[in-house]
Amino acid sequence: MDNVTTTEMANALVPLNDLARKTVKDLDPDNELLFFRVRTNKNEMMIGVDEGHLYIVIQDARFIRTQNIVM
Numbered sequence: 036m037d038n039v040t041t042t043e044m045a046n047a048l049v050p051l052n053d054l055a056r057k058t059v060k061d062l063d064p065d066n067e068l069l070f071f072r073v074r075t076n077k078n079e080m081m082i083g084v085d086e087g088h089l090y091i092v093i094q095d096a097r098f099i100r101t102q103n104i105v106m
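Mapping of the sequence shown onto this note's numbering: position 20 corresponds to residue 55, and the numbering continues sequentially without gaps.
Calculated directly from the structure, the hints in this document are not laboratory data.
C-beta: ideal position from N, C-alpha, C; glycine also.
Hints are not guaranteed to be accurate.
As the list claims (entries may be wrong) - Using C-beta positions, here's what the derived DEER-type ranges look like:
1) Met36 to Val84: 17 to 23 Å
2) Thr58 to Phe98: 28 to 34 Å
3) Lys60 to His88: 16 to 22 Å
4) His88 to Pro64: 20 to 26 Å
5) Asp61 to Asp37: 32 to 38 Å
6) Asp65 to Met44: 29 to 35 Å
7) Asp61 to Met36: 28 to 34 Å
8) Asp95 to Glu67: 25 to 31 Å
9) Thr40 to Asp63: 33 to 39 Å
10) Arg97 to Pro64: 38 to 44 Å
11) Tyr90 to Thr58: 18 to 24 Å
12) Phe98 to Asn66: 30 to 36 Å
13) Gln94 to Leu69: 18 to 24 Å
14) Asp63 to Leu89: 17 to 23 Å
Put together the whole structure using the sequences plus the hints.
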């Protein structure tokens, strides 16, 4: 993935992460979102938080389908 696309994806996923974490906290103040996964027709994005770091993994969902991997 090129730098421009990487930056665009990160810029879109960081606010989504913030919203998801806030939603979980609003539903249960004693709980915390640590990981979530979003799947589209093209990509699967996995977002995780650990010790203040945000990890984003993006993989080609079309590849997963062609390999007959069941999710």
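Could you work out which of the previously given hints the structure breaks and list their numbers from low to high? none
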